[in-house]
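K.L.:
Top line first, the protein sequences correspond to chains A, D and P.
Mind the numbering: the first sequence is residues 1 to 216 in our numbering, read in order.
Mind the numbering: the second sequence is residues 1 to 485 in our numbering, read in order.
Mind the numbering: the third sequence is residues 1 to 64 in our numbering, read in order.
No lab work stands behind these hints, which were simulated from the structure alone.
The calculated label-pair distances, taken between Cβ atoms and stated as ranges, are:
#1 E34(D) <-> E212(A): 51 to 57 Å
#2 A384(D) <-> Q55(P): 29 to 35 Å
#3 G49(D) <-> S73(A): 42 to 48 Å
#4 Q60(P) <-> G395(D): 44 to 50 Å
#5 S73(A) <-> Q14(D): 56 to 62 Å
As a list, the in silico SDA-like pairs of lysine to any residue whose alpha-carbon atoms are at most 25 Å apart:
#6 K39(D) <-> I195(A)
#7 K57(D) <-> A16(A)
#8 K39(D) <-> M118(D)
#9 K478(D) <-> V53(P)
#10 K42(D) <-> G31(A)
#11 K57(D) <-> R168(A)
#12 K478(D) <-> H52(P)
#13 K39(D) <-> R165(D)
#14 K166(D) <-> E190(A)
Selected chain P positions facing chain D (Cβ under 10 Å, derived; list incomplete):
#15 P4
#16 E5
#17 A9
#18 D12
#19 E13
#20 S32
#21 L34
#22 Q36
#23 E38
#24 G39
#25 R40
#26 L41
#27 K42
#28 A43
#29 Q55
#30 D61
Cβ atoms here follow ideal geometry from the backbone N, Cα and C, with glycine treated the same way.
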Amino acid sequence: MNDRRWILDRVHSAIADVDRENGLPDLSREGIDGGIDALVRRFTDEVEAVSGVVHHVADIDAAARELDTLIRSNQITSLAVSRDPLARAISSRVIGQHEVLDPEDNQDAIAEADMGLTGARLGISEHGTLMLAPEDDHGRLAALLPPHHVAILATSDLVGTLSEALARLGEEIPPTITFVSGPSRTADIEQTLVIGIHGPARVDIILVDDRESGTT
Amino acid sequence: MSSIHNVRSRHFKQDIRSAIADVELRGALARAQEQVNSKRSKAVDAIAGDWESMREKARSIKAWTLEHLDEQLELFESNATRNGIKVHWAKDPDSACSLVKDICSQADARSVIKSKSMVTEEIGLNAVLEASGMEVVESDLGEWIVQIAGETPSHIVAPAIHRSRKSVHALFEKTLQRSIPDDAESMTMVAREVLRKAFLRADVGITGVNYLIAETGSFLVLENEGNQRLTTSLPRVHIAIAGLEKVLPRLADLDLFLRMIGRSGTGQVVTTYQNLFSGPKQDPAEDGPEEMHMVLVDNGRSEMLASERRRQTLQCIRCGACLNICPVYRQIGGHAYGSVYPGPIGSIFTPPVAGLHQASQLPYASSLCGACRDVCPVKIDIPAVLLDLREEIAGDDAQKRDAETDLKVRRETPAFRHWARAMHSPTRYRIAGFFMRCAAGIASRTTVLDRFIPPLAAWRSERSVPRPEGDTFRNRWKARGRQAR
Amino acid sequence: MTYPEISGAMADEKVKEIDAKGVDAVVSCDISCLMQLEGRLKATRSAVKSLHVAQLLAEQDPES
Ligand code: SF4
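Required output: the full structure, derived from the provided sequences and hints.
P.N.:
This is how it looks when you write it as structure tokens:
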């Protein structure tokens, strides 16, 4: 408490009689025009620009087929799935040889999984960003520990910019929000870009138009 | 008292010699600078018309916040506390380190994992924790390289920029006692594997902070690797450490700053992971930290705030662009500055914090070319602050400079006094000009004058002295005027 | 002149680049930059001339 008073007093007297700036600037700016199609297009391009992949599908059956392909082509033997209802619905439609892990499983097991499947609160088109709120779906470790992260995002959860995403939060800010733009990367050895160091080396996003099962 | 851990800027003059002799280092720095600067220009040009107005907005938000810092800090504190974050205040490195040590001891920590944080370098945190028996592991790849090499970072964004791939490879093989392929990718994967184990055994995670958000009591930390997500997900306790100046008033300000910092620092349109923390986990069944602490560090900042000319130093968002553009940094690298904050920002931040006498040479380590001011995303006029520091260092109080600088000041002060007098009248200027030409004429032919004019010898050590040729500009201009009439 | 090693290294890099371009002369309007470059060009025996912008203009000037 001692340091607190000491610091605040000094800060206070340091600026007691300065000429102040005229208020804070207005930061409002244009979003992305062109409706949902434009948002999807921009999102897809920007995710690709940061080495991620977007799979745009009509409904959860089609999403399950994409997930199935990802599991087979990457020879996934264990999949950690968060409690996101959409992710659950999709993964339960995939019948494969792989083991399925739950957030309740211990963290060493999740760390050993080949792939993690989670939901996402929002997608931000401008920079191809996923907004993860791990407490939504208990997906913190599934999105982080395995080398391959697959996120399920509903097309209706796409927004244009970070401003819009923050505005949607309103008063309820979850304890942790992680904005993810592509896979983990480093260039600490001679400025050589290496994808995948501590976080996932691959990020696939399955963008689903319809939260329900298709009629097909 | 404010200080910077292990500052050795008094040895600047010696240290630059070995840096300049290191041809490999200079080659590596030049290549690194060119690469990041071309990425930066591309990223900035992509938002061409907007960049300048974004800089002005960013500057004014930072300036406004500094002018309201007392209120803003208190607002942050009350909101963060409401969110369940324990807020602590530390006036200097001793106080900050012992606070952190106590939190770790209370958590029975044996192992501490860190993600990159400049302020922890500034206060010398690792040494204090290690001395009390804790294992401390740096998890950012660059920081880890520097840690196992027993070095300090040489750049505020790219800590191991001074090391070649070959030298990192040798270091890895020696430290891990096994053979490793020497490509960057394999080496990175080895680091992943080794550090993953350290994450899983850590009891406490320590991070720095990019922005404190007063309005919501949140804070945001940036990274590309994912080590910080791990640092804040696996251990039971998360301690974040921030300099007082890190505050932004509004959550919405992030939209502006996050579009700028990546472009400015690394040429990335956006940093890969932007982690916004607003408290420990709420549901005990969740993963994530049970306890979250925020340590607010002053260490000379409130004093800097009181100086009208130096206050702008605190606008810095630590993007590293000024280091990347600096022609002096390019020649000598980060270590020669002898401070954990090297380059242009280091030359204005280190002296007031470490004490002017500890770092009086740094404000002179600049050609005042202004490139740093032109790239700075928050428009800090670095050359102006350097001049302000020079003014105080060269003033009457010799306690404010080291022996090296004192010698320089004594030699130069009379010369500049004469120069100033000469510049005050055309006649005196003409006379001075005549003597200068004579002196230059002699100096260009022989070295007899060097003994009496030490700066001349310094000049000649690297280049030749120009010989005045033909008539003077003033005479020719006059003659030309007569002809025209 | 405080750190001749640094300014020497800076000039070195510039002079190397100037030499590589195969030009006849470097022109500048800043006298200290010019002295720095000229000093280094001469010291390294480069054939490139250094000119102040006033010198360049004077060379072209029919009246002088
Ligand atoms: S002074 Fe400006 S350019 Fe340098 S690190 Fe700080 S914000 Fe970036």
